[in-house]
Amino acid sequence: MVRFKHRYLLCEVVSDDPRCRLSLEDRVLGGLVRDTIARVHGTFGAAACSIGFAVRYLNAYTGIVLLRCRKEFYRLVWSALPFITYLENRGHHYPCFLNTLHVGGTIRTCQKFLIQYNRRQLLILLQNCTDEGEREAIQKSVTRSCLLEESSAGEELSDSGGEETAEAME
Amino acid sequence: MSNAKERKHAKKMRNQPTNVTLSSGFVADSGVKYHNGGRKPFQSQKEPHSGTSRQWQTKMSHHSLAESDAKEQSSSRVTFKKKGGWKAGPEGTSQEIPKYITASTFAQARAAEISAMLKAVAQKSSNSLVFQTLPRHMRRRAMSHNVKRLPRRLQEIAQKEAEKAVHQKKEHSKNKCHKARRCHINRMLEFNRRQKKNKWLETHIWHAKRFHMVKRWGYCLGERPTVKSHRACYRAMTSRCLLQDLSYYCCLELKGKEEEILKALSPMCSIDTGLTFAAVHCLSGKHQGSLMLYRANKYPREMLGPVTFIWKAERTPGDTSESRHLWIWLHPSLKQDILEEIKAVCQCVEPTKSTVCLPDPLLTPSQEKSRTDLPTEKIGKKRKWKDDEENAKPIKKVIGDGTRDPLQPYSWISPTTGIVISDLTMEMNRFRLIGPLAHSILTEALKAASVHTEGEDTEKTPHCWWIEACRNPDSVSLHHRQETIFELLGGITSPAEIPAGTILGLTVGDPRINLPQKRSKVLPNPEKCQDNEKVRQLLLEGVPVECSHSFLWNQDICKSVTENKIPDQIYRGARVGGLKETVVHSQYKRSPNVPGDFPDCPAGILFAEEQAKNLLEKYKRRPPAKRPNYVKLGTLAPFCCPWEQLTRDWESRVQAQDESSAASSPGGEESSLRRDVVPCAPMPGRTRQLSDDEGTPLNDSSEPKGVMDTDGPARPGTEGVVGQGATGSLLCVLRSRKLLRQLSAWCGPSSGNSRAAARAPGTGQQELRREACLSILDRFPKALVWVRLSLLRKGSPEPHTMICVPAEEDLLQLSQDRLYCGPQEPKHSDPFKSQIRKQKEKKKLEKRQKRGCAASEGLAEGDPAAGQQPLTLGLWSGPLPVVTSHCSRVLLGFVTQGDFSMAVGCGEALGFVSLTGLLDMLSSQPGVERGLVLLRPPASLQYRFARIVIEV
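Residue numbers (the UniProt record's numbering), protein chains in the order written: chain A, 1 to 170; chain B, 1 to 952.
Excised from the complex, chain B in its bound form (with noise of 0.2 Å):
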């Protein structure tokens, strides 16, 4: 630093003469080489010789000096001032200092001088450019541009001023000039280099000017827009039309036959969670389906995660020998697993010839341009769902997709039952339009093809399926068909009023044609629903069955056809939501989030690593003072759901609960027995660590009744450190619909036990008894379930807040104070606290020890402390303690998501709950307040009442 500031002066002064003193000998006529010497005082003793014995020969030569002959003297002085001894000097001095002095060497000093001076005057020593050391009245627009602009006495030196900054400026490391780096080839080549880690979606630059991007499951992804738009996204949500690109989501196809390929994924699913992939209505390919995956034979255990599913329509039903397609859709983050499962299941193990049509990493730039110029006419496929309804379309592969290497096989073909497996990731885009607006921008934005007629010229390539199409009479009236109901759809009001799941085949030109030249918004044309007796038909019956047919399912087309679909969706009106808006929307939907709310699939899991490392990071970041201490407000886990060790205390705690009473039945426990050990023998496929873990948990629940007490406060240390490492693998979530149906019936307040009781036989439910509560706990012993809790009061939850359940005294005071807030959560105290310090207070004793003692005594010290885990101050380390009963209350479970619901209006917070806790809490709550639980953030004391809701 001083370094540098010490350069940064002498360049400032390196034109600033030096002083002069005889000791420095007369050396300004020479130029300005002595800098140094200039300085140094005491070299004075010396100099009187040279300067004198100077002045003598000057004299006596009659000034005739040359410069050279000056310079010679000098550098012969100075050898002489080395060689001779300068305490010598000054006695010599006065005898021959002169008596008289000469006007020349008087005007050789003067000239001297002036040229110093001159020299100093000439040149700017500051380090500001010419131009700004012009007057103000002088200075002229764009000066350091343009040279020309300053005065001309000025000129030569800012020319070179500005030589030198372009000298300065780093090297161009573009080789190219800007327009060959802009033209179209070297674009995409730049744009391939770029996404090679991460893949883009086709809207990856449109959404890249307007999106934070993450980079997430191999894509870059827009994760929220960069304007304000929370409130915004609502809005058009709920009163317009939200769009989302949802290219990313996989797509696997299975081709077959159909009984094959029912048997062959039947395991994988259970009728238990709802319709299968043999849904007549969805097999028909009317409808999109969805369901959960599981590992084959495995339910209700190794989630493998949600899908949605299409089967190809057949083209003339009645005909089911022929192969069928299976498209099934689902979350990159799933991909490997079930892509994995189903190719076991359907014992596809060969890959097909598939190099022939492998997506081309290095797609040429002159094949590149010439898909992007040529189609003009799309495809578009569109399903309803819900109050959301997406578009698919196909698209020209860009560049494989981020799942998987570009050259790994993605097609597989069974030899036994002749399935072919295809992996067609990002052959597709994927739209969603969320919002009552969908249908009308849909129909503003797509109109379907014109259907050619035969004089027409048909030497556009790409088009030529299209116009084979048009030459069939069949295809034409089925196209004519499907563009009247979807001109229909654009009478219709809200999605809603659709079936859930609707497909409908269309085949449209290039909505480019007809992008409206201002931004407009689209409202429902009120001329359209008087439509009204066609409309109600289209309601009742859905789409006919041909309708769903699309050209879409060949191959051949699908490479065709194109995109740039957003700008004219945006154009009608459409506001484009990121990853946030899947999450908001997926919370007012009370569905589960892929892949953050499946705790018991492993994306889930290895989702929930990630972000709690994500926050602890952030957390750190945080000086200890201005971050919440979590071990004083009783939160043992602030960053991620200990799934695992809640339900295994929450059962040992029930287990407890029934010692004391002594009121289980021995049969129950048996049946837990027998139902624990089908899902836990260990398979050849999973490591040996693994099935370690899983061992552990089984012994301890086989183990006869009166260990399990003993060892009951010992369980929880021992146990922590195992469930870390055991990933959840016998974690499970309750889906089946039966039981959750259930179950929600029994979270809802009952008047009383009477009317429960009495309505009970008619809805065929059960009563909420201790049996019924056992069967349950029998067949799911460590269940999560998912539940919807809406606050009663005040708050607004968020993810990672702690469920848990109400004292009864609490229930009492709310029940006295309808304004009672809830209960507060004494403050915990800090054990380790303490420890931070002497750690610290070690460290330091060390480091003067270090400093004190030699340097091999302080390296052995160092090592211990080394070894030891830095202690973070405010955080719970090592495994930790009982998590159910650490703080005041009770903890039932956690919330995943949690936030203000605009919807609703009050806090609104999804989650889980462990199964045996809630049971346990509703057979204990009376009758009114059932289902009232409290809730508290983990950095707040303040607990806060909330109603649990089950959705089934």
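So here's chain A without its partners, still in its complex pose (with noise of 0.2 Å):
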């Protein structure tokens, strides 16, 4: 068909700070890898990058990123993604790095794989917990995102149908 084609990097910001996730902002993440670009690949990467770079999506609690950008030069922008070390804002220098773990086409396909990933982290984390108030707490999550995955049709339709009287309203 005839559009931009894209390619979707969903990366996880790894830190020891927690302060550094705070700083963690779509804005501050995206002029960082811009940086970085045009100090790893020179001006043509950094101009090649910039067309069509976004931040589509940012949660700091988990440090999940999702960068856009255009599929002719995905491949700077992946290898450039290694060379960051730290994240900066207002002075502060956190240091991390940022670990990608799925390449796609589609957002779509980066949040299955999102879903997917998630899910085995939970499963993960359960494994390996000692204690026994956070194991509850834990299965607590793990056992509500199981649920909330069931009744995610149930809640398709609810929702559609509270969306439509929105509308309507509007």
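If you are wondering where the hints come from, they were derived from the structure by calculation, not from laboratory data.
Where is the CB? At the ideal position from N, CA and C, for every residue including glycine.
Do not rely on the hints blindly, as some may be mistaken.
To be verified - Cross-link-like lysine-lysine pairs, in silico, BS3-like; alpha carbons within 25 Å at most:
{"no.": "1", "chain 1": "B", "residue 1": "LYS119", "chain 2": "A", "residue 2": "LYS112"}
{"no.": "2", "chain 1": "B", "residue 1": "LYS11", "chain 2": "A", "residue 2": "LYS5"}
{"no.": "3", "chain 1": "B", "residue 1": "LYS119", "chain 2": "A", "residue 2": "LYS140"}
{"no.": "4", "chain 1": "A", "residue 1": "LYS5", "chain 2": "B", "residue 2": "LYS738"}
{"no.": "5", "chain 1": "B", "residue 1": "LYS12", "chain 2": "A", "residue 2": "LYS112"}
{"no.": "6", "chain 1": "A", "residue 1": "LYS5", "chain 2": "B", "residue 2": "LYS298"}
{"no.": "7", "chain 1": "A", "residue 1": "LYS112", "chain 2": "B", "residue 2": "LYS11"}
{"no.": "8", "chain 1": "A", "residue 1": "LYS5", "chain 2": "B", "residue 2": "LYS12"}
{"no.": "9", "chain 1": "A", "residue 1": "LYS71", "chain 2": "B", "residue 2": "LYS620"}
Unchecked claim - Here are some chain A residues the structure puts well away from chain B; computed CB gaps all over 10 Å:
{"no.": "10", "residue": "LYS5"}
{"no.": "11", "residue": "ARG34"}
{"no.": "12", "residue": "PHE44"}
{"no.": "13", "residue": "PHE53"}
{"no.": "14", "residue": "TRP78"}
{"no.": "15", "residue": "ASN99"}
{"no.": "16", "residue": "LEU125"}
Make one complex out of these two single chains by using the hints.
The following block contains the structure:
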């Protein structure tokens, strides 16, 4: 079809410092990646990657980041990601690195992968957990996510119904 | 626009997960309610508090926080955020940040993310329908129609979508189901509603499916077929048969004593223009007559329009004392004037008790239905008329007619003369068949009704009149005679062999019964042609008088007879034409078309105005660069023909010539004055304004010549304005047969003066001499002549083409070079262009000023600009200058119909020329080239030679 093809890089920000997560914002992260590309690939690389580059999704709690770039130059972006070693925000430097989890052609595939990935992570957490109380909490969230998954279809219906009414009110 | 775009985007993104920063709080678990907060970048300074505090809390309370608590927290957080100044935030955060992280928060975050992603993935975000998202190999036919064709997992969503679509669809305005709407009663009601404004003919539905319909004269009429059929219709006209529905023609019935009717109507027509109502062969009822009607005693001015008429045949020739019927057929646009005038001359003022048989517009559906079902027989009435032939037959009344209100009386009686006038419009259908196969088709389609024998049952109510008639042996024998004559007609190869306007009455059976299975072409039956002697007798004598009697005259019978005629003639190979075909036909017949070619009757003036308006609108729709600049082309009036001004200009021109040559006789002038006074006497019935307008030119013409001459240059400008308002009250068209015959003799090229002179005494024609011209001009000072123009070489004229007088050098060049096409008009300059530009600049300036200065000033300036009439580029604005001498060749007249004539094989045009100008031109032209004129279409500079022929 006639459209711009993109690549979506699903990454995970890994940092020891919890304050790093505080300063995790799309604008900051975007600037950081751009700077890194310029440093690694020069002006050409920066220019090539700046077209269509965007941070599509970001979760500070889990550190998940979704980056978008054009399909032609995603390798430039990808290869620049390991060179990010710290996150800078308002003069503070927080050491961190980006771990690429998945490269997809659509947001949708990335989301699907993320669901799988998160579920896996939860299970790993559950297995490795030693503290009794924590174990319970994790179990709870796991079951919740599973329940959510099951009820998602039902939710959809109610949701869409609600949306319709909202639209009508508009 | 952008708003809509945004909304669309928002709709698309509503299911997508938003960014979750610490600033937006950990809210994902409570659904996606924090869309807006997620993107605000600078809230983060505040947030650490909440996030960390929460972490603390969760840790301390051993993760037993319920969701509700979390929500509370978030809300409290919000309030806190609002309360607290947020500059203090960052300093506080660093201390409260925990040194370690717990697995439970991590797990919670992940769970929330899972749910958000799930939501995003499960819901489609695009605008496409469910089945459109399916991969191609899983698509099935009619998926959108039937939900069960979808995979089961998608069925529920699709169901909802379908419901939504139904909901979104516009509410059906008709509360009835399709079947109910289509049922006969409701359909009839609907049809009646739709023809409230413009009435339908009975064949309307048939026509509406096949024709471009136009609303005209209060009817919906088919203008031209939707198929390409110009040439096909011509072929049908010349070699087969063309059928037209003329039911929209109005019929007036006059009932009374013969002498009374004739006496009353005689002032309305003149023996000059041809036969009157009293023509012998028409009076007997054998023939249809046609004539021109004028306002009583106003001939030759104040024409009302052309009509055709039929006298009811006398049952027994001899007793003239009994009341006779006269039917006058006329065009609907002429009806009001003529009806008023006839009422006036007959002194019919009292409406008769018309309420009884008033056409009821609110016919109850049940009645309607019963009427259409019952009749199975009909009366055909047939008239042949030159090459066309008409078939009129009575119908049930559908619903009033388009030319009068349903509540108006339609019948009037005169207390003194006993004449009853009734308006029978739309009571009868009338068809016209044109072409050589007309008779064959008629004889094929119509079969004379079978005579009832005594033994047959008689319970059929609508046909009791026929059964009654069959009991009478006289009428049966008459019917048989009519039938035999009708049979003879089938053998006649061309309708032209029968005397024009012959009437034959006939009772026919329902043609639908013997409808052919397949469409077929009718060929004249050679066997029938053998019957030579009878045919010859028929041709010589015409149809006997008795045979023209028909039951049609009886009103009661009229009502019970039906329609649905066209299809069965179509099945026999007739082609159906519309209004355009009528125009074409009249062009081939070289007869003026009603009402466009009657510039001197009120309907014609109205028609011309309407046409000019339409053409102007059409012209203005095009961009200036893509339309002809008529000013540059030297065309003063491309959309209307200024007859009034044309005749006046010619008059003054000729008078100026006379002045210069000093050869005019004072006696002629005297007589012209005398003539002028009579028609111009102001009538009480006219409005004040009109009589004023009449007064002005009258004064002009009665002024002494010297004054006239000095006035000459100034006149056009002043009178141009007057002429526009006067609507041609003084204009007349020359219709005197004697004069027309004389003119046509003059128009032809005479090989030499001597021969023409030698021929002249023999034929009784006057030679073209100055005295003869003057005597004609005296009688008809401002007259137009109906002429036919056939082009010598190339060129196809169009309406509003200018007819010009050729200059001497043109004729010289033509005589030297037979292939000479014609002269070219030099390009004119456009004096209005600079004006328009100035106006535009002014407007621009004003706009700028308006923008600059205060609103009150702008308003004050805007007013004068609005008062000015906007000029149109390419059109002459303001009063026209002298129309005759505007171009290099002197203007003589205008073409009203013109096209390439397929009958002749070259361009042919019909139009009017000024009588004064024509005589002037003829007298100045040498014998051989006499009658040659130049034609120039409004959008061209090229003149073409044409020969003028006057139709008598």
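Each hint tested on the structure:
A distance of roughly 10 Å separates the Cα atoms of LYS119 of chain B and LYS112 of chain A; the hinted pair therefore holds under the 25 Å criterion. For the given pair, LYS11 of chain B sits about 22 Å from LYS5 of chain A by alpha-carbon distance, which is consistent with the 25 Å threshold. Distance hint between LYS119 of chain B and LYS140 of chain A is fulfilled; the C-alpha atoms sit about 20 Å from each other, no more than 25 Å. Distance restraint check for LYS5 of chain A and LYS738 of chain B: the Cα-Cα separation of roughly 90 Å exceeds the 25 Å cut-off, and the hinted pair is therefore not satisfied.
Proximity of LYS12 of chain B to LYS112 of chain A is assessed by CA-CA distance (about 18 Å); at most 25 Å being required, the pair is judged to hold. Of the pairs offered as hints, the one joining LYS5 of chain A and LYS298 of chain B is violated, with about 87 Å between alpha carbons and a cut-off of 25 Å exceeded. Between the alpha carbons of LYS112 of chain A and LYS11 of chain B the distance comes to roughly 21 Å, so the proposed pair stays at or under 25 Å and holds. Between LYS5 of chain A and LYS12 of chain B, the direct Cα distance comes to roughly 19 Å. Compliance with the 25 Å bound is thereby established for this hinted pair.
A threshold of 25 Å between alpha carbons decides the hint, and for LYS71 of chain A with LYS620 of chain B the separation of about 54 Å lies outside it, so the pair is violated. Listed as a non-interface residue, LYS5 of chain A keeps its Cβ farther than 10 Å from every Cβ of chain B; the least gap is roughly 17 Å. The Cβ of ARG34 of chain A sits about 17 Å from the closest Cβ of chain B, beyond the 10 Å cut-off, so the non-interface label holds. Listed as outside the interface, PHE44 of chain A is consistent with that label: its C-beta sits roughly 30 Å from the nearest C-beta of chain B, beyond the 10 Å cut-off.
The non-interface label for PHE53 of chain A is consistent with chain B: the shortest C-beta to C-beta separation is roughly 16 Å, beyond 10 Å. With a cut of 10 Å on Cβ distances, TRP78 of chain A stays outside the contact zone with chain B, its closest approach being about 21 Å. The Cβ of ASN99 of chain A sits about 15 Å from the closest Cβ of chain B, beyond the 10 Å cut-off, so the non-interface label holds. The Cβ of LEU125 of chain A sits about 5 Å from the closest Cβ of chain B, inside the 10 Å cut-off, so the non-interface label is violated.
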